[in-house]
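So the protein sequences, as listed, match chains A and B. Here my numbering is used: the first residue of the first sequence is 1, the next is one more, and so on. Here my numbering is used: the first residue of the second sequence is 1001, the next is one more, and so on.
Because the hints were derived from the structure by calculation, they are not lab data. Any given hint could turn out to be false.
[Stated by the list, open to error] Straight-line alpha carbon distances no greater than 20 Å define the calculated EDC-like cross-link-like pairs of lysine to aspartate or glutamate that follow:
| hint | chain 1 | residue 1 | chain 2 | residue 2 |
| --- | --- | --- | --- | --- |
| 1 | B | Lys1067 | B | Glu1003 |
| 2 | A | Lys42 | B | Glu1015 |
| 3 | B | Lys1042 | A | Glu59 |
| 4 | A | Lys83 | A | Glu59 |
[As the list claims (entries may be wrong)] Okay, the calculated bits of chain A under chain B, using three or more residues with CB under 8 Å as the criterion:
| hint | segment |
| --- | --- |
| 5 | 30 to 36 |
| 6 | 41 to 47 |
| 7 | 50 to 57 |
| 8 | 105 to 111 |
Where a beta carbon is used, it is the ideal one built from N, C-alpha and C, also for glycine.
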Amino acid sequence: EPEVTQTPSHQVTQMGQEVILRCVPISNHLYFYWYRQILGQKVEFLVSFYNNEISEKSEIFDDQFSVERPDGSNFTLKIRSTKLEDSAMYFCASLGRGSSYEQYFGPGTRLTVT
Amino acid sequence: QKEVEQNSGPLSVPEGAIASLNCTYSDRGSQSFFWYRQYSGKSPELIMSIYSNGDKEDGRFTAQLNKASQYVSLLIRDSQPSDSATYLCAVIRIGSARQLTFGSGTQLTVLP
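Okay, chain A solo, but in the shape it has when bound (with noise of 0.2 Å):
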């Protein structure tokens, strides 16, 4: 059964430094996410990516976010500079076309910042 995939499952960084998080959508869907949970915390929106360009973003995604689909495959989230309370799990999720909007999602990254 295809799968969300996403890489590293653990990513421990610096304050200031730039992480890119990585995920591979399910290869037929069109939508693709990026959802954060901080520890405790409700799973809250990012930002959503469609047809090669952000179609809607969260007050959480400032400018120190950025998203990327660099080929065919794979989805990216990029944190410029990285602060303390970027610690996170970092869910990536994608959704097929149609009339049904059932999201599926990776096994999560998660994001120490030190």
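Starting from the known structure of chain A, fit chain B onto it as the hints suggest.
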């Protein structure tokens, strides 16, 4: 104002019982409703989707939607210890980029 509200629990039920999980949402523009299961340290796993008023059954799970009351529920019949997890309610708004808005989840423990 919270958009999606759930009782945080914990909710404990004995093995074999029915677990009932509830969710309310504030945005009347919400069009699609989902229940995800999340084990500790893992990603959300889709259990059920429901789009119209009424009940939808899938195996041991039944989702119920009442748009007039802005209420969604999930019933788990014959609960098993492996059902112990946090259950997340999520909605999609009409006209959005189909992103999910999540509640904070209800922690369910099924006691053997």
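Any hints this thing doesn't respect? Which numbers, in order? 2 and 3
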